[in-house]
Structure formats: structure tokens, C-alpha cells
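A.B. asks: What follows is each chain in one-letter form.
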Amino acid sequence: MLDGAARLKELLAEAKRLGMPAAAISDHGNIHGAYDFQQQAVAAGVTPIIGVEAYVAPDSRFSKNRVKWGRPEQKRDDVAGSGAYTHMTLWARNPTGLRNMFKLNSRASIEGQFGKYPRMDLDLIAEHAEGIMGTTGCPSGAVQTRLRLGQFDKALKSAAAYQDALGKENYFLEIMDHGLPIERQVRDGLLEIGKKLGIPPLVTNDSHYTHEAQAEAHDVLLCVQTQSNVSDPDRFRFDGNGYFIKSAEQMRAIDSSDAWQEGCANTLLVASRVESYAEVFAEKNRMPLFPVPDGETQMSWLRKETLAGMSRRFPAGIPQEHLDRCEYELGIIEQMGFPSYFLVVADLLRFARERKIRYAPGRGSATGCDVAYALEIIELDPIHHGLIFERFLNPERISMPDIDLDFDESRRGEIIRYMTDTYGSDNVCQIVTFGTIKAKAAVKDAARVLGYPFAVGDKITKALPPDVMGKGIPLAGIFDPSHKRYHEAGEVRSLYEQDADVKKVIDTARGIEGLIRQTGVHAAGTILSGDPLQDVIPVIRRPDDGTIISGWDYPACESLGLLKMDFLGLRNLKILDDAVNNVRANHDPNFELSAHHDWLEDAETYKMLATGETLGVFQLDGGPMRALLKSMAPTAFTDIAAVLALYRPGPMAVNAHNDYADRKNGRKPVVPIHEELREPLADIVDETYGLIVYQEQVQKAAQRVAGYSLGAADLLRRAMGKKKAEILEKEFVNFRAGMKANNFSDEAIQALWDVLLPFSGYAFNKSHTAGYGIISYWTAYLKTHYPAEYMAALLTSVGDDKDKMAIYLNECRRMDVTVLPPDVNESTGPFAPVDGKIRFGLNAVRNIGANVVDSIIQSRADKGRFTSFNDFIDKIDVVVCNKRVIESLIKAGAFDSLGATRKGLLEKHEMVVDIAVDVKRKEAYGQFDLFSEPSTAGAPAAAVGLPAEYSTSEWDRKTKLAFERDMLGLYISDHPLAGAERSLKKVADTVIAELNEETPERQPVVLAGLISAVERRVTKDGKIWAIIKLEDPTGSIDVLFFAKTYELFGHELIADRIVAVQGRVNHRDGAVSIFGSDLKILELSDSDLAEHPPIKLIMDVARVNAVLVNDLKHVLQGYPGKSPVHVKLRNGARVTELQLAVRVEPSPALNSELKGLLGAGCLDS
Amino acid sequence: MTAIASNGNRCPVCDTEVILAADRPHPRFPAAMHRQYLCPVCHRDDPAASGLLAFFAVHPMVELSTSDTFAALVREWLDRVPDPPMVSDEDFDADVEAWRRGDFDG
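Chains as they are written, first to last, in full-length UniProt numbering: chain P, 1 to 1165; chain R, 1 to 106.
Excised from the complex, chain R in its bound form (with noise of 0.2 angstroms):
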């Protein structure tokens, strides 16, 4: 896991600047990272953030002293946030199947 800082990310939901963003190992793509964004506006409610949105409403940034504290809570969030969607086995072949008889033809 490798958490960076905003670096003036946008929110992929509502495009508001980020507070944080963390790659980790993509759990479909295993050589690929995934990037979780940490948003001041799609999180707000969010239990799995609340503790590193407390943290940053404490901490304007990660100091030395504050890094480990840091650390477990980014921890804390990424082992809450769900993986990245992905569609069914049953969705993709119910599709796959509708593909042949010819229904998505326009």
C-alpha cells in the first residue's frame, strides 16, 4: 500500500480535490494497484473514513509524530473499502447469451 498525498486529485464521484489517495494491490489485476481516493464530500458519512477524516480535521498534515497513528488509521480505512465493482458471472453470460440471439443489435 502506498498512500500519497491529494496532489490536487479530484474526487472520480464528484470532483471535489481529494484529502488523500492510497494505491494498493488491485484485487482482480494482481500486477496492477488500485487507487482509493479519500473525499471530503462522498465520504462524510462514510464509518470506514471517519477516523482519517478526524485525523486530517485535527492534523493539517502527517508529521513524524503523527505518522503511525497515520498509518493504522489509512490501514483502517482501505481493510473497510469495498473492491472495485465488477459485473456477476450470471449478469455477464445472461449478456453474452442476449448478445447471440441478437438483442443489443440497434
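Extracted from the complex, chain P is given alone in its bound form (with noise of 0.2 angstroms):
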């Protein structure tokens, strides 16, 4: 990696140009690249030579010590990679030599990493030895290293032994010449060893680049590979330009000496020798067999498990309609040849039943099969719900079964440990991938080793097109007038002419684009193999944590026909899971959900759903998913299959999902594709109110009238899909007759076509939605029914993500569902549903690890209740007993209910943490607790050393509250806008709330709140701008402040102020935001955000006398209540503000004899 800077198309290409018959790949300790490699050559009439430059431990490859062969003065000369290894190049003669290139290769990295270097050794060598051929290596080899350590010998012994394990006429004397004084320093030494042992000389040539003038951008992609500055004097480099792939006569040229001269012939004589792979490239079904009972085979051992599943799904007798569809699918998958594959599968999933690990009812095309149902493989009844088998297995198109596993993710890694204890660790792989460098980590990369500045590079990537689905464009693409996003990278090029820095970094940045930086692991993909791995593939182990990976990405097995299957982790089954266990709990220790499809027709849930109020709900808490749930009025289980495959952009293009809506509620009428359709389509389309929303629909619509068989609509349905005319225009013709022999008109044909044909590219898979609309269900189900149960497991899941934490948190507020602040008495690590209230958990609280949390708990547990600071000092273990630690538990509120008071105990508690350390650590070592004095019976003992009182006075609350943000990430115990909403609305012209897709684009609004969030952008000119997120009682809104207004208040936009912005409300992409054209900070006092605020009246000095204080006095004792009374007494400029001992109740009548008393204008606002 990083090491090779040869793109091989371009390499073979120059090896066939210059008439070299064969080439030969040998990476350094790997052959990740020997799939494509394979592939390529061949296509380039090349022969492929596959080999590696192997990494050899210096004695055993398990070794972990470091070896030194010389003397301390000789270190330069010793063993590479201080002593880690020495180098050796092996090449496969045969198949069987692939074969074992493969297991020398994985089991270096199994056994003998070390460091970042996998390494064979002798012994390895010899047992995997059969059609592998080898050489003396590079100046790194062990018979040169002994040579230049004057071991001669020794290296004789080495080469000897090297020679006897692979055999005389596959071991080679291997000379190289790159201009290095190394390579020629024991030149002589090694050739009378080939002498001696009879060695045939073979010059090779390192080729880290293709061509010679590629050799600057290979010094780049060294300085990616050591994060090194190419002006580094000490950076790793290679001396000279010679690492191309020189031709015969370029070689020949070195050197006249006769070895030389016989070593350029034996590579001829090497390549010759080469026999074809191609046995080991084939496909074969490579599917591992289920150990089934003694005189069953894997397809009568799935007939009996079907159809015992299908009686535990039917009880009382198994209808004959399922019956008759497990035939049809048994017969499919007997004919497909994957009775295995369910076996495995169903096998896999009884597993996880039985560690109650969650996975998904159904995901994928797998849900329209019923013998998976009977498997318990998906939950979902596919003939109830309408599913279709051939959308999953399609006899008329032989493809591989792929059911798609979704498990709570933090569990699936139980799964593959299942996997590989039943299969055995040599038929079980992680898949890697490869990461390549991209266009932008190109330019970056280039710009920093070229020494430029950070802001050279991001001018740069900046300039570039923006990523279009996560994809940019590649670097030659800007240069390239015929590449589709050309017209888009006028500024890049612009920059590229005008600039020369720009022109040397994207030049050089073009040299290594594309090249492979690392290797990583699939996601979700697992490699199941009825045969040893290391037969077919080469394996990896990552050093990490020991998961073994393939030496091929997926596509590579794949075509080996390796069966991959996908264990995704999902979230919400946690979620689940997490919610399932709260409700049981708190209500019913019986509790479970159910798929069944009496289970999916509560009236409450649907009714939640039509109210749009769905946050949090999986797959429909987006902004306009709701609006469009609030507009179809889900009544069905039909419906929450229906809105996710309508809510997607092709049907939303056509307006798909707005007409379902308005035709389900009779805005719109309900119309038939033709007349002459309208019964014979009548049980297809009407669950869809005559549209077309599931492929499913395409495939029995094409059975029904035009008499296809729904394989042969699968693969009609497929051809739609691409759009190409001329396949188009043959089916067509088919489709045409199959129709007319049921006499349908043209006109119903034609009408039926021009439906189908744009609705086959983006109608979807009801098997998947209707699988994941199963756990949409759930969680709408939990949360209209255990809401406090489901939002506690919600908040859970989101861990740090505190932008998700306060959406959610003010659900909680919407639903009325109280969250309480952490308590070190109540909490436990997760959010807790308690009472109906969901009780802050300790696992979210800033600088609160796992250990100290389950210490907590322990010692609760243990100890009985903290019934004081001091109490909960001495109770807990040391691991709590630390400043930060205490600190965050202070000021998130986790103490509040011991008392005292945050100020108070934060003033205090490093004091105490030093105390208490000091005495744990005696009482660790045996000595007496200090902090226990004979205490009389029942009372608890007193604390020595710690503070007997804590100062009972509080920080103000915007203080407290901006301490509390710190440790929980928001707002928990108060909110500073609570009491500000009479402050607000004076400000205001309306509430965020009221802002919906119904409000006018650019309307202006005054809108007041709080900033939440502000986030600073840069234009590509350098401008900055912001979005702040303001939040009012009502909700929150997205404000965009660009450049100009940015620059007048730019200054303001600071999280926590409270603000009044003026704007104009935009629509974009069914979300509302605000482009902010004003903002005025807003001071607000104790007293506006007081929960009775004062009155306030202005009088003047010179009115002021007893009689009307009486009167004024007489009237405030008419309305008794709780708010202050404030009286400024103005006296020309000056004013003077008094309390009255009076409070009152606000209300129209007092108001309205106070003015009588004092004037109009006597209130102040």
C-alpha cells in the first residue's frame, strides 16, 4: 500500500507493448492485488505470474523478538526492519502453487505478524512448497544480509536450505541493479554461492511505477505514505528513477558480465515455467453444508423443517394455501440447488431466538418467501400481505439467494462468533475493501507533501464540483471535455491555468488519484465457505482484534463463488429491544410484539401516525415524511407499506405519494389504468388505489393480462427497469400478444405500458418495505402506547449525539412526557422510564464513564441510598473519586436531590475528593476508614475531615443552566426561555411553530428565541456566513445569516443569547428555515423570566403624595396575589426604582384601574 504507483492496465499494456510474454505481481507481504491482476493479464494476453515479495521472520515466524545477525557496528547492514525480517520474492508455478501462495500468505499473517509485517519463515515455506518457485530476494534477503555481514558461511547454509524446501530447479539467484551501491556490494559473494550450490542466476528489476516519468509522483505517494514533506532531507526515499518496467534491451544494457547476461535469459526460462491459473479462478458452488441428522439429505431435512415450522405457524392446521406455496418454493430451491442456504440461515436465526438477540421480521425480497416463514427466517406472512417469491428467487434467472440479516448492532457481533464456532474458523471471513484515494485526499495529499499551505489545498477541493451521491468528480474528468460534469469544474480549471501552485498540485495530485491507501472491512458482509478458505482465497488477520478477512474484495469471491451474507447492525432493534425490556418492567412481564397481522390494526397507533407526530418513529420522523403522513391519515398496515415506497424520488417526481394520499381520501377520484382493466387489475391495484407503488404489482399485473409467468415478469420487470430501447421494443411485442390473446385492446395495452414501463424504474419492493414497515410499526405502536418506556430506549440509543438528544428531548416535552435530571440516587447508565417520567441517565453525562457509572450503582446497590454529598463520598469506590468526575455529576444536577446546593458543593469538592482519595487508598491498603466515628445507634456516622456544612447559595440560573448545557449537552432541569415566553411574544410576531409548508415563501417574520447552535461556514470566495439554530417555547428553526448580513452581526450569533431576528421564510426540500435579515440581542431579567413577573408602573416625582398613595395602595390590596409590584419614580432624567411590600395577580381589571389612578401611560412594558 502506498508503495506501488503501477495502475495495471496501464503496466500490462507496456509490458504487452514491449512483447514481454508474461508479467509477474509480487507486492510486498501480500497479494491483495493478484484477483485483478489475473484478470487483466489475461485479457491483456499477458501472461499473469502471481507472487509475492514475501516478509521471512529471521528464525521463527513466532517469534516476536528481534534479531540480530551481526555485531552493534555492523547495524546497517543487519537484519531490515530492525530485525524484523528479511525479504524473499515466491512465485506460483501452478494451481496448486496459488493454492499455496494463498496459505502462505494468510498464515504469515495469522501467525507471523509482527508489527505491520506478516512473515513466513523457513519451515512455512517448505510445508506449503509444492509449485512455488523462489529466489535469494532483494539486498534485504537473508543470503545477502549474511553476505554483507561477512557470514559467508552462513548465507551458504541459508540459500542451501532455501533451495532444499523449494527444490533445486525452482530457486534462483536473484540480482538486481538500480544504481545502488547495496545492490553490488556482495555481488560477488552471491554469485559464488550460486556456484557452489548450483543457482541459476535472475535479473530482476523493481517496477514501483510503470512508466520512468511517473517517478516523481511515486516520491509523492512515499511522502502520503510517511505523512513526509517531499522537501524532507530525511524522509524515506528511493535513490535514482530506475523502478519502471524497463524493456529487454534496457535491461540487457546494465550490465555485459555473463551472469548478468544469463540472468535476463532465466526470466524467460521462469515465465515458461508458468503454468495457467485458471482452475483456481472458476466458479464453483462453494455453498457449506448443513450437518443434518444421519439419513437426510440437506433438501429432505428442509421439507421436514418447513413443514414442522409451518405447523408451530399454524397450530391448528396448516392452510392448504400454504401448503401448496412451500411445494412450489421447496421445488424451486431443490432445482436452484440452495437447500443449504436456508438450512444455514434458519439455523443461524434459531440462535440468535435463543440469546434473545433481536433481528429484523423481514428485510429485503426474502419476505415474499414462505418457506422462510416457516423457517422463522422473516415474520411477515408473504401470502397475507401479498409477497411475491419469484421477486426473491427467480427460476427463469439463476442468481445466488441473498437474505439480508439486520441484528441489534450491538450484538451482532455474536452472530459471527455463532458463525465461525459452527463452521469452523477456516470457512468463515470478514470481506476487506479497499480504500482508494480520491480526488480531493489526492489534491490535499499532494498540496501538503509538495509543502504547500492547508488553504492551498482547500482553495483547491473547494473549487471542485460538490460530491453528487457521495461521489466526485475524478481529476481528469476536469481536463476531460467529454465527461459529464465537465461544465461543472470551470472554476478548478480556471484556477489550474491561472495559478501555477494550483497547476503543480493537481499534476502531481493526478499521479497518485486512484492508487490504494488502506485496507478496511465490509460493513456487514460475511464470507461462509463449504471449503477451507485458504484453498480459495487468501485470508488476512487483522492484528487489531484477530478478525480474519479476506485477501479479495467481494466481487472477487463472488465470482469464485463464495456465498456472502449481510449481518447489519441496526439501531432501532436495539431501540426495541431496549423498549420491549422497559415495558416489561414497568407493565407486563409477558410483554412482546408481534408480526401477526391481527397485531398490526391498533386504531391509537394509526391515529398517531395521521397526526404526523413522528419523531422518533423508524423510517417516518422526517420533516416532510410527517407532513405526507398527516395527509394520507394511515389507517392500514397497508398504508405504512405504502408511504415508504411512495416516499422516495421517482414516485415523488410524479407526484406518486400525493395522489395516494388524495386518493385514499377522496380529494382525488380513484382511476382505473383502462376501462378494460378495471376488473382484471381490480385485486392487484386497489389496496394502492389504482397506482402502481410495488414491483410486485408490475410482475402479477404482466401474470394476469398478458400471461406471463412472474419469473418471466421479473425479468420484464427488470428490462423496464434499464430503459434500453432495443430490449424495450422486444418486449414490448411479447407483452403486446400476451394481451392480445386475451383480447385486450390497443388502447388498454398501450395504457397499461405507458404505466408499468416509468413505474418498473422506481416501483419498489412491497417484500422490503413491508418488512421494515413492520418495525415503523413497532415503533409507532411503543410510542403511542409505552411512550415513556420508547423515548427513554430512544434517547438511549442516540449515546453522544446531542443534536438528536434535544430533538427528541423536546419531543418528550411535546408529549408531556417529563425528562427528570440525573440523580446519583435514581439514575442508572441508561435514560430510565420512570412513572410515566424518564429519569436522565448517567451514561450521558459528560466525563461519566462506564466503569463510574456501574460503580455508582454498585455502591447503591451494596451500601443502601446516598442520604448526603458526604454520604455518597464515603460510599463510593476510588475509580468515582475524582474532581472532574464529581464536578460534572455537580453541575449536571446529579447531587440535587442530597440537599445541597451546585455552587455550594462545587466550591467545595476538590477538597473533598482530596480527603476522600487520601483515605480510600488507606482504607485499600487495610487501614481504619477516617472518615467513620462512633456513631450512635441509627444515626449516620460522621464524615472527619469533611466539610460539615455546604454554603446553601445557588449560582443565578442562567449560570446554573449553562453548567448544566456543559455536562448533559442541553437543557434538562429548566430552560432559560422558560417564563421568557411573555418577553418573547412581545418581541415577536409569531411563533416558530406556526411556520409550516403553508406559510408564504418570503414572508418576513420577527421571530424571538434562543440561539442553540451556530454554525459558520465559508463561501468558495472566502466569505463567512452562518446558520444559527433558534429555538422559541414552540419549537426550532434553521436561520441562515449570509455574507452581508453576517458581516453586521456575525459578532452576535453566540449559542445560549436570546435573540429577536427579523427574516423572510424559504421552502426547500419541504423543510421551513429563515433568511435572516436582522437580529437584536435581547436582555432579559430575573424578573421577565420570573414566573410571576412584576408589575411595573412609572410615576412622576411631582405626583407623588399620600392621597394618591393610598389610593394606590387601596387598589393593589383589591387583587392579592404573587407578582412583585415595581414602582420607577421619574424625576426629570433621573429615575428611582422602588419594590412595594405588596403582591398582586395580574389581570385586565387591575390594569385598567391602575391607569385610572395613574395615567395612561403608567404601565411599563
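It is worth saying that the hints were derived from the structure and are not from the lab. Keep in mind the model is a prediction, meaning the values are calculated, not measured. Glycine included, each C-beta is placed from N, C-alpha and C at the ideal position. Some hints could be false.
Stated by the list, open to error - Ranges of calculated distance between the beta carbons of each label pair, as one might list FRET restraints:
#1 P/E1083 - R/G102: 55 to 61 angstroms
#2 P/G520 - R/G102: 29 to 35 angstroms
#3 R/E76 - P/A455: 33 to 39 angstroms
#4 R/G102 - P/A1013: 20 to 26 angstroms
#5 P/E994 - R/A72: 40 to 46 angstroms
#6 P/A500 - R/G102: 27 to 33 angstroms
#7 P/R1016 - R/T69: 44 to 50 angstroms
#8 R/G102 - P/R66: 55 to 61 angstroms
#9 R/G102 - P/D232: 34 to 40 angstroms
#10 P/E1047 - R/E76: 28 to 34 angstroms
#11 R/S67 - P/G836: 58 to 64 angstroms
#12 R/S67 - P/A455: 54 to 60 angstroms
#13 R/G102 - P/E592: 49 to 55 angstroms
#14 P/E1047 - R/G102: 18 to 24 angstroms
Two chains, two frames, some hints: make the complex.
C.D. replies: Here it is, written out as C-alpha cells:
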């Protein structure tokens, strides 16, 4: 990785151009590139020779000690990698050799990894020597290393050992000359060993790139690898620029000696000995066999298991429809050779059920398989939901079955472990991915290694066209007028043309773009093989955790017939599991969710869905989706499946989602596709109000009216989706003939074709939406019936994502589910539902680790509830006794219930922790408890050295809430806007909740609220602008301050400020935001925020006299209440403010009396 | 209008402790007040503030006997103080259009 800058296609083309009959690949320590090399070499007409420049342990591959063969002063000439490895070049001579090559490399990684080097050793090479050729290697090889150290006899012995291991005809004396002194330093000794042992010379030349001109790009790549700069004199680099594909003439011209010339000729000898590897790369059924009872075959056992499963599903007797369907499906499964696959998957899910690992009730097309229903692979009855088998397995199109499985993400590892334990570690592995250097990364890397400041790379990448669906334009596309995004790249092209630095960076970046940077692991895929994997592919062991990973990526593995199973982690399954456990703990110990159709008819759940209050409901919680739900007002599970299929770009582009909602609710008529088709298609399209929503409907319609089999209809659907004119023309002939045979008119045929054709491109698979729709329904059901239990699970699931947490906390507020602050006596790790409220989980408090949470809970369980802060300090373990932990808990309010104020505790917590840690350490050494004095019966022990009292004063609300937000990421015990509604209302002309899709675009508005987040951004030309999140008591909204407005108010945009904003309404992608044009910071005093705000009166001093005072007193006493009365006495410019002893209940009547007494302007707003 | 003593308020421009802060109705947010600071540094050469600065050069504090003079000077100052800055409609619209074109994408 990051060592070879050659691209295969280019390299092989050059080999071909130079008339070379064969080309070899020998990457350092791996054969990741072998599959592609094989395919491309064969395609280029060059014989591929697959090999490796192996790392070989200087003694045993199992030894992790560094080895020195020489004296200390010979350090530079000693074993490479500071004593970690020597080098050796190995090639596979035939299929057996290639399989041995897989084993050598796999075992080097699994058994011999040392640092970053996967190492073989002589024993391993000898064990898998059949079909392998090798050489003495480069100057880092064992033989040359011994020679440099002056150990001729040991060098001879080493060469002899490898010659014995590989066989005399398979071992060569490797000589090379890139102009490096070290390559010639021991040439004579090497040749002498060759003579003594009869080892023929073999000339090689490193090719780290294809053409000489690519030396600079390769040099940059080395800098990327070593995180260095090209101008760094001490960095790792290659001397010279001769590491390219040299012609035979160039090679022969390097040295006229006989040995060199013989070595050049021997390259052809090596090439001629290599046989075709084709059988190794041939596709073969490698499906694992399920261990079935004696006397059973895979198929007979699957049949028995299916019937047994159906009997469990239908204890009162299996309906004939299911028996027939299963019989049909089993026939196809047998015909396609997949019975073991179903047994393997069913067994895996049986294990999941036994271990109570929640998995999705259905996903993808497998939800249409009745055998899968019988085997409890899926939970939806496919017949009841109208799902079809041929969408999953099409007998007319042979392909591997693909059942993707979703598990509770936190327990996915258990599933993989079970697979490995059951089928053997030799047969199961994860799948490698190769990360390439993309255009933007190449630019940034190039700028960095060339020594430019970050801003240069940044400027270029910002000038590139933006990524579309995560895909950027390649650098070549910027200059290629035929590239489809060429016209978007004008800005970067002009930079390239005008700025020499930019040109240099981009030119350099093009040299490394697309090269492989690192390996990764596929997020979901697992390979399962009936054959030992090392016979089929190379594997590697991830050093961090021992995970075994394929050496080739999935497409390569699939082409060999290896089975991939996707085990996906789905967060919502964990939420469901937690929520169900919460319900069991608080309500019904036997509670469980069901996918049975009787369970999917809860009216209250549909009522909730129809309100669009679906934040936190799986797949239904986006703003526009919620609007669609309101418009659709779902009343049945079919509506959930439909909304999931319709809320996609294709159907939305033709307004199908709104049509469905309007037709369902009678706002538009249900129109048949054609009058002749009304009856024939009624049972297919009635559930979707005459619209084609699902792929299954396309298939069924073709079957019903055009005489297709469902398998043929699946092929028709696929063809329609691809939209290739010549194929469509052919299909239409069949389609038309089929409908004609059923006596339909040309108009009806055309009408149906015209509807099916576009919809086939974006109609969705009902099997999937129905399967996932169950999860949507379950989450909606739980939110409706067990709001605290569900929202607690949801809050727990978002972990550290404070933005998400804030959204769900607001939702709790909207639902009137109180969220209580964390409490050392009440909180557990996760959020917990308690009496219809939710207790904040300690896991979500900043600086509080899992070990601290566990320790607090354990201390509470072992020693009883904490009665005071001192008691807490006394009871907890030393792991909790940490200043930062205690400070965090104080600021979060976790001690509020113990009676002291947060400020009071924080003032002394450091001293308390110091004392406590000292005592607890002494306790740990068996010394006495200094805290405990002899106590009187029943009274808690007094704590010696701890403060007897803490200050009772508290921070003002703003400070207290600011600290709380720091620790929890949001406000829990109170909100800065609580009580501010009146003050905000005076300034604002609307509230956020009033702004929706119906608010006219560009409507001017004034909003007032709290800035809860500020995101500053920079435009392409360096101007700053910002998006703030503005919260008011009714909701939150994004306000965009563009560059000109930002210049005026940017310095005022600070989180937690209360502001008024003027702006205009903007609609985009179904969401409402505001373009801010003006801003005013609002200074709210405590009295503004008070629960009982004061009445403020203004009086001129000149008018004040005893009569007036008496009358005022009389009026105020007539309205007793809790609001204080403030009087501003005005004397010219001087104002004196007084607070009266009386408290009143504000009301219009009081205001009226006061105005009558003091004048119309007496009330100060 | 309410004039209040500096109370430790600092100038938002230069962070010097201000002489005086005055609240007056905000010209564009009618129900809100706009606070204006009299800063000895920033307003040193401001003709509108020269009267008030001179007043405080002579009088360490406002007393009953000088309150009328003080009030008149405050009014004169505030009458001449410019409204808080705002973006013009043209600039605002131009930015909106630029955003719609994608010019604000980083």
C-alpha cells in the first residue's frame, strides 16, 4: 500500500507493448492485487505470474523478538526492519502453487504478524513449497544480509536451506541493479554461492511505477505513506528513478557480464514454467452444508423443517394455500441447489432467538418467501401481505439467494462468532475493502507533501464541483470535455490555468489519484464457505482484534462462488429491545411485539401516525414524511408499506405520494389505468388506489393480463427498469401479444404499458417495505402506548449525539413526558422510564465513563441510598472519587436531591475529593476508615475531615443552566426560555411552530428565542456566513445569515443568547427555514423570566402625595396575588426604582384601575 | 429612553469601560430597546457626544442641580447617534440569490 504507483491496465499494456510474454506481481507481504492482476493480464494477453515479495522471519515466525545476526557496529547491514524480517521473492508456478501461495500469505498474517509485517518462515515455506518458485531476494534477503555481515558460510547455509525447501529447479539467485551500491556490494559472494550450489541467476528490476516519468508521482506517494514532505532531506525515498518497466534491451544493457546476461535470459525460463491458474479462478458451488441428521439430505431435511415450522405457525392446521406455496418454493429451491442455504440461515436465526438477539422481521425480497416464513427467517406471512416468491428467487434467472439479516447492532458480533464456531474458523471470514485515494484527498495530499500551506489544497478542493451522492469528479474529468461533469469544473480549471501552484498540485495529485491507500472491512458482509477458505482465497488477520478478513474484495469472492451473507447492525432493533424490556419491567412481564396481522390493526397507533407526530418512529420521522403522513392519514398496515415505497425520489417526482394520499382520502377520484383493466387488475391495484406502487404489482399485472409467468414477469420488470430501447421494443412485442391473446384492445395495452414502463424504474419492492414497515409500526405502537418506555430507549440509543438528543427531549416535552435530571440515587446508565417520566441516564453525562456509572450503581446497591453528599463520598469507590467526575455530576444536578446547592458543592468538591482519595487509599491498604467516627445507634457516621456544611447559595439561573448544558449537552432541569414567553411574544410577531409548508415563501417574520447552535461556514470565495438554530418555546428553526448580514451581526451570533430575528421565510426540500436580515440581542432580566413577573408602574415624583399613595395601596390590595409591584419614580432624567411590599394578581381589571388612577402611560412594558 | 450609569458595562467595540449606557426603543424591533454606549475612546472625536463628554469632564456624577442639563445632552446625543446598522434590501436579495445558485456551498 502506498508503495506502488503502477496502475495494472497501464502496466500490462506496457509489458505487452515491450513484447513481454509474461508479467509478475509481487507486492510486499500480500497478494491483495492478485485477482485483478490475473483478470487484467489474461485480458491483455500476458501470462500472469502471481507472487509476493515476502517478509520472512529471521528465525521462527512465531517469535516476536527482534533478531541481530551481526555485531553492533554492523547495524546498517543487519536484518531489515530493525531485526524483524528478511525479504524473499516467491511466485506460484501452477494452480497448486497458487493455492500454496494463499496459504503462505494467510498463515504469515495469522501466525507471523510482527508489527506491520506478516511474516513467513523457512518451515512454512517448506510446508507449502509445492508449485512455488523463489529467489534469494533483494539486498534485504537473508543470503545477501549474511554476506554483507561477512558471514559467507551462513549465507551459503541459508541459500542451501531454501534450495532444499523449494527444489533445485525452483530456486534462483536474484540479482538486480538500480544503481545502488548495496546491490553490488556482495554481488561476487552471491555469484560464488550460486556456483557452489548450482543456483541459476535471475535478473529482476523493481517496478514501483510503469513509466520513468512517473517517478515523481511515486515519490509523492511515498511521502503520503510516511506523512512527510518532499523537501524533507531525511525522509524515506528511493534513490534514483529506475523503478519502472524496463525493456529487455534496457535490462541487458545494464551489465555486460555473463551472469547478468544469463540472469536476463532466465526470466524467460521462469515465465515458461508458469502454468495457467484458470482453475483456481473458476466459479464453483462452495455453499456450506448444514449438518443434517443421519439418513437425511439437505433437501429432505429442509422439507421436514419447513413443514414443522408451518405447523408451529398454524397449530390448528396448515392452510392448503401455504402447503401449496411451500411445495412450489421447495421445488425451486431444490432445482436451484440452495437447500443448505436456507438451513444455514434458519439455524443462525434460531441461535439468535435462543440468545434473545433481536433481528428484523423481514428485509429485502426474502420477505416474499413462504419457506422463510416457516423457518422463522421472516415474521411476515407473505401470502397474507401479497408478497411473491419470484421477486426473491426467480427460476428463470439463476442467481445466488441473498437474505440480508438485520440484528441488534450491539450483538452482531455474537452472530459472527456463532457462524465461526459452527462452520469453523477456516470457513468464515469478513470481507476486505480497499480504500482508494479520491480526487479531493489526492489534492490535499499533494499540496501537503509539496510543502504548500493547508489553504492551497483547501482552495482547490473547494473549487471542485461538489460530490453528488457521495461521488466526486475525477481529476481527469476536469480537463476532459466529454466528461459529464466537465462543465461544472470551470472554477477549478481557471485556477489551474492561472495559478502555477495550483497547476503543480493538481498535476501531482493526478499521479496518485485512484491508488489504493488502505484496507478496511466491509460493514456487513461475511463470507461462508464449504471449502476451507485458504484453498480458495488468501485471508488476512486484523492485528487489532484477530478478525479474519478475505484478502480479496467481495466481487472477486463472489465470482469464485463464495457465499456472502450480510449481517447488518440496525440501531432501531436495539431501541425496540430496550423499549420492550422497559415495558416488561414497568407494565407487563410477558409483553412482546408480534408481526401477526391481527397485531397490526391498532387504531390508536394509526391515529398517532395520522397526526404526523412521528419523531423517533423508524423511517417515518423526517419533516416531509410527517407532512405526508398527515395528508395520507394511514389507517392500515398497507398504508405504512405504501408510504415507505412512495417516499422516494421517483414516485415523488411524479407526485405519486400525494396522489395516493388524495385518492385514499377522497380528494381525488380513483381512476383505473384503462376501463378494460378495471376488473382484471382490481385485486392487484385496489390496495394502492389504482396506482402502481410496487414491483410486485408490475409482475402480477403482467401475469394477469399478458400471460407471463411470475419469473418471466420479473425479467420484464428488470428490463423495464433498465430502459434500454432495443430490449424494451422486444419486450413490448411479447407483452402486446400476451394481452392481445387475452382480448385486450390496443388502447388498453398501450395504456398499461405506458403506466408500467416508468413505474418499473422506481416502483419499490413491497417485500422490503412491508418487512421494514413492521419495525415502523412497532416503534409507532410503542410510542403511542408506552411513551416513557419508548422515548427512554430512543434517548439512550442516540448516545453522544446531543443534537439528536435535544430533538427527542423536545419531543418528550411536547408529549408531556417529563425528563428528570440525573440523580445519583435514581439514575441508571441508560435513560430509564419511571412512573411515566424519564430519568436522565448517567451514561449521557459528560466525563462519566461506564466504569464510574457501574461503580455508583454498585455502591448504591451494596451500601444503600446516598443520604447526603458526604455519604456519597463515603460510600463510593475510589474510581468515582475524581475531581472531574464529581464536578461533572454536581454541574449536571445529580446531587440536587441530596439537599445541597450545586454552587455550594462545587466550592468544596476539590478539597473533599483530596481527603476522600487519601482515606480510600489507606482503606485499600487495610487501614481504618477515617470518615467514620463511632456513631450513635441509627445515626449515620459523621465524616471526619469532610465539611460539616456547604454553602446554601446557588448560581443564578443562567449560570446554573449553562453548566448543566455543558455536562448534559442540553437543558433538563429548566430552560433559559422558561418564563420568557411573555417577553418573547412582545418582540416577535409569530412563533416557530406557526411556520410550516403553508407559510408563504419570502413572508417577513420576526421571531424571538434562544440561539442553541451556531454553524459558521465559508463560501468558495472566502466569505463567512452562518446558520443558527433558533429555539423558542414552540420549536426550533434554522436561520441563515448570509455574508452581508453576517458582516453586521456575525459577532452577535453566540450560542445561548436570547435574540430577536427578522427575516424571510424560505422553503427547501419540504423544510422551512429563515433568511435572517436583522438581529437584536434581548436582555432578559430575572424578573422577565420569573414565574410571577412584576407589575411595573411609572410615576412622576411631582405627582406623588399621600392621597395618591393611599389610593394606590387600596387598588393593589384589591388584587392579592404573587406578583411583586415595582414603581419607577421619575424626576426629570433621574429614575428611582422601588419595590412595594404588596403582591398582586395581574389582570386586565387591575390594569384598568391603575390607568384610571395614575394615567394611561403608567404601566411599563 | 432610559439613561443608566455604566455599571461596569464595556464598550462592545474597544472593551473600554463606558461612561454611560442609554436604552431607547429599537428602530426596527419596536418592542425591544436598543442600548447605546458612550465610550470615552470611541466617541472621543464624535461631535454628537462632545457635550456629554464635556459634562462628565466637569461633573463626576449627575446631581439634582445638573439633571436637566444632563437630560438635554443625552437627548442631543441620542438624536444624532445613527440607528443600528442593517443590511440593505439589495444586498440581502443578492445574497439570497447567490445562495440559491450554490455560491455559498463550501
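A.B. asks: Taking the earlier hints as the rules, which of them does this structure contradict?
C.D. replies: When the structure is compared with the hints, numbers 1 and 3 turn out to be violated.
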